[in-house]
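Keeping their order, the protein sequence lines are chains A and B. Under the numbering used here, the first residue of the first sequence is numbered 1, with each subsequent residue one higher. Under the numbering used here, the first residue of the second sequence is numbered 1, with each subsequent residue one higher.
Calculated from the structure, these hints are not laboratory results. A virtual CB, placed ideally from N, CA and C, is assigned to each residue, including glycine. A portion of the hints provided could be inaccurate.
Claimed, not checked - Quick look at which bits of chain B chain A covers, simulated, 3 or more residues with Cβ under 8 Å:
hint : segment
1    : 86 to 100
2    : 176 to 186
3    : 190 to 202
4    : 256 to 268
Said to hold, decoys possible - Simulated crosslink set (DSS-like; lysine-lysine; CA at most 30 Å straight-line):
hint : chain 1 : residue 1 : chain 2 : residue 2
5    : A       : K614      : B       : K260
6    : B       : K74       : A       : K503
7    : A       : K614      : B       : K73
8    : A       : K507      : A       : K230
9    : A       : K614      : B       : K74
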Amino acid sequence: MAKIGVFVCHCGENIASMVDTGRLASTISDHPGVAVASEYKYFCSDPGQETVKKAIRENGLTGVVVAACSPRMHEQTFRKACAEAGLNPYMLELANIREQCSWVHTDKEQATEKAIEITRSLVEKVKRNNDLKPISVPVTRRAMVIGGGVAGIQAAIDIASAGREVVLVEREPSIGGHMAQLSETFPTLDCSQCILTPRMVEAIQHPNITVMTYSEVEEVDGYIGNFTVKIRQKARYVNMETCTGCGDCIQKCPVKKIPSDFECGLGNRTAIYTPFAQAVPNVPVIDRDRCTYFKNGKCKICQKTCQINSIDFEQQDRIETIEVGAIVVATGFQIQNTAMYGEYGYGRYKDVITGLHFERLASASGPTAGKIRRPSDGKEPEKIVFIQCAGSRDAAKGVKYCSKICCMYTAKHAMLYAHKVHHGETQIFYMDIRAAGKGYDEFTRRAIEEDEAGYVRGRVSKVFEENGKLIVRGVDTLLGRPVEVVADMVVLATAMVPQPDAKDFAKRIGIGYDEYGFYNEAHLKLRPVETATAGIYLCGACQSPKDIPDSVAQASAAAAKVLGLFSKEQLEREPVIASVSDSTCAGCWGCVTACPYNAIDRRDITDRNGNVIKRVASVNPGLCQGCGTCVTFCRSNSIDLAGFTEKQIFAEVMAL
Amino acid sequence: MGLQEQYRKEAAELLSSGEVKLVIGYGEGTTADRRRPVFVRSAELVSRLVLDASGVANLSAYLVPEGLLSDGKKVAVFLKPDGVRSINILAAEAQLDPGQVVILGFDIEGGQPTPLPGRKASDYAPLIESLKGSGLSPELQAEADRLEQMGAAERFEYWKEQFSKCIKCYACRQVCPMCYCRRCIVDVNQPQWINTSSHTLGNFEWNIIRAFHLAGRCVACGGCDRSCPVNIPLRLINHRMAKEALDTFGHYAGESADQKPVLATFRQDDPETFIL
Ligand SMILES: Cc1cc2nc3c(=O)[nH]c(=O)nc-3n(C[C@H](O)[C@H](O)[C@H](O)COP(=O)(O)OP(=O)(O)OC[C@H]3O[C@@H](n4cnc5c(N)ncnc54)[C@H](O)[C@@H]3O)c2cc1C
Ligand code: SF4
Ligand code: SF4
Ligand code: SF4
Ligand code: SF4
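Please work from the sequences and hints to get the whole structure.
Spelled out as structure tokens, the structure:
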């Protein structure tokens, strides 16, 4: 005989204000099989849990329904309470009368009716629950970090320093990401390369880190603790083991006029190249599409130059398969192409540039050796106009969100310019100055007060060229009048947007993304570095626009999550797994194809003499994730899912 | 020599040489224009085989009973292109080895059976490719178009009325080559998902579930239509699902023996029109 206890939680006012909890408890107490029903302000609190435990012991309950919030919030809490009172933890069900009821309704009468239905339906389910035991699976205690920007580097170093192996995968020839392109960094104005390079070197020299550059993730299989990742290591045409990074080949390469991506096209590179001088690893790659040998079959000058014969034109892409237990995604961002603002003339006028171009101009290792020069004629600009929110906070043409870093780096640019060109003048068109952060408001104040950055509140409507000058027309909204500024250069604070392939990549590795392509965290407030896919974590600007301090903090947080996972050799898994009925399976293998975790095999059923009578599908409990895909696929209804059996679901539905 | 004579001769050769153990073809039926399947196991009996414009049934359904092909021996069978497509599906779903099926292929044109040369299912790939997207017969197409024109409510009424006639005899299931499950979902009674009594709800549940189970698998042979004692135009609903599979996922049932089931696979660029 079922003896079910129902515990109706008020969740403070969250539930009680919209659901008549007293009526719910008294109605459900009359339902067949319900032994006790009570209500309380917070069942998740200590005294609340005590009530549940006491009721289990005193009434010999066979099942428990807590009518409260989502199982994502407190299923574990109440399972633990049940176990402590001697009841199998899987004899608990949470009836979600908060997110799925009180929070979304406005009519108390109807919400109460619905809450009663939800609870009744779970009482019917729990009557059919069975004792289950969690499954233990081994954990591969090696992590993969995808993306070698500052976030990925930090996560890799943190995990490796705690003694775990890390594979750091970067698709460019060098690690470093955007931070390697920056000149000096807000809010302290320290040189970006100077603080980043030691980290890059630490990563590559770390005994626990394997850095795989020029490599891309092709496929991710498996699940938390047990992922199999296929990686394509693109052919570099240079032998990584022997190359000393002397750079002789680069000197001699005859193809010299290739616009460098790293320099945002402001400088050139050769066909065999390292993206920048401090590249890690310091091993060049051959750009197959530009190399004369690959194009015409003649040249090989680099090969002749190399003293130690490290150039290998025969090299092929290599596919490696790596087993890891956790994955940290740190694939970063890109800046939006601002050509959509035809009125700003980006792409049309050489002296209308982006903030990233400005970083390269201001960088001591950049194409102008740190001197601010106009791209068009190499002259020193006397007056620069900066346009903030060029793409951000613009639902019509750009993106709706605030890119968060542009107010800060524009202030930084104005300061750097003031430090380098003492008589230079700046005008910054802005909507608001958003400088929340440690030392941030002080930083923008310093730009205004010490470095005389000229802030104009308002938008720019048009930029055009006249007599070698750029005319910037806009409006000063504080004075309420139009302004026209004659400038030598215009710098656009373009929006931070996801990588161009962000959505495809997310689909490939199986994580969620928002409307733009930034990756979704499991919970914006409470689980900000986890994804909804167990074992895959996030850090850096791939999740949302972020500056360096935030990216690094999140990277360490993700590393902590990985290390938490790696603290045990075995992982306890939900015993929610599928099983096939041998007698009815028709052996169509539809489920084998459908299973996203490759958890279903074919099994022969033999007679006593070993003759195969029949082949049926068979679920590997170690691999099954309990997603239920196979259950819905099977036409002959031969698969059932422990914890969510057809009988349970049917009873749930029929109770409505 | 007519096609009937030619195939009787070929059947006799196949049987006497031991190439096949059985020939499945059409035989005399209860009326002049009805054919019933015949199973010929010796060359002497090939005169029982009849092939004329009345040979419309898709005989591939007779290949799947348990044990028939488990000795590895071959069976010859009279098949039209729709039958060849169902052989491909059965092969893709591991119900038979296409290497064991010798096809005596034909089609019916101008009221006459005409020969098709392929003897293996794979020989039919170009023909099947050319049929892709070819729809229903003109009369059925007209009816399908009429349904398409209707609003959702009107169409629902149409099917409600049609399904209300169903007596749950399961002839449609019995005749269909794709309905090979040893236990059909309709026979599951713990729990009983589908109501077995013949009332509107139960009938709807049965017919809609069957249509879903045939999505991307029905080859429009018309067996269900013809066998239905109360004349429900079942092919129309199955054809509608086939059209959906073709238009949305480019899936034409039975294209090849290694075709993946459309409802168990996905491509990254699959349209997601159903996600709101
Ligand atoms: C103009 C400008 C100025 C800035 N100035 C400052 C400043 O002064 N101070 C500050 O704090 N912040 C500044 N920032 C912000 C800073 O650049 C970012 O916070 C930081 O770079 C984010 O690091 P990340 O590692 O998340 O991303 P990224 O730096 O973008 O690194 C991501 C890495 O992942 C790699 N990758 C991408 N996809 C894949 C894939 N599929 N497989 C393998 N690898 C992949 C990329 O090649 C890249 O190396 C500035 C940004 C801009 C645009
Ligand atoms: S889908 Fe069903 S019938 Fe087909 S192999 Fe799997 S369990 Fe068996
Ligand atoms: S429930 Fe079925 S489809 Fe899902 S992982 Fe388990 S076996 Fe695979
Ligand atoms: S559903 Fe009907 S038309 Fe389709 S394959 Fe089966 S019997 Fe033939
Ligand atoms: S053949 Fe017709 S009457 Fe019989 S079960 Fe099928 S649809 Fe119903």
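To see whether the hints hold, each was checked on the structure:
1. 86 to 100: holds (count 3)
2. 176 to 186: holds (count 6)
3. 190 to 202: With 3 residues in contact (Cβ-Cβ under 8 Å with chain A), the coverage given for the segment 190 to 202 of chain B holds.
4. 256 to 268: Check passed, 6 qualifying residues.
5. A:K614 x B:K260: Distance of about 22 Å is within 30 Å: holds.
6. B:K74 x A:K503: violated, 50 Å
7. A:K614 x B:K73: holds, 17 Å
8. A:K507 x A:K230: Cα-Cα ~15 Å, so holds.
9. A:K614 x B:K74: holds, 19 Å
This entry does not satisfy hint 6, going by the numbered hints stated previously; all others are met.
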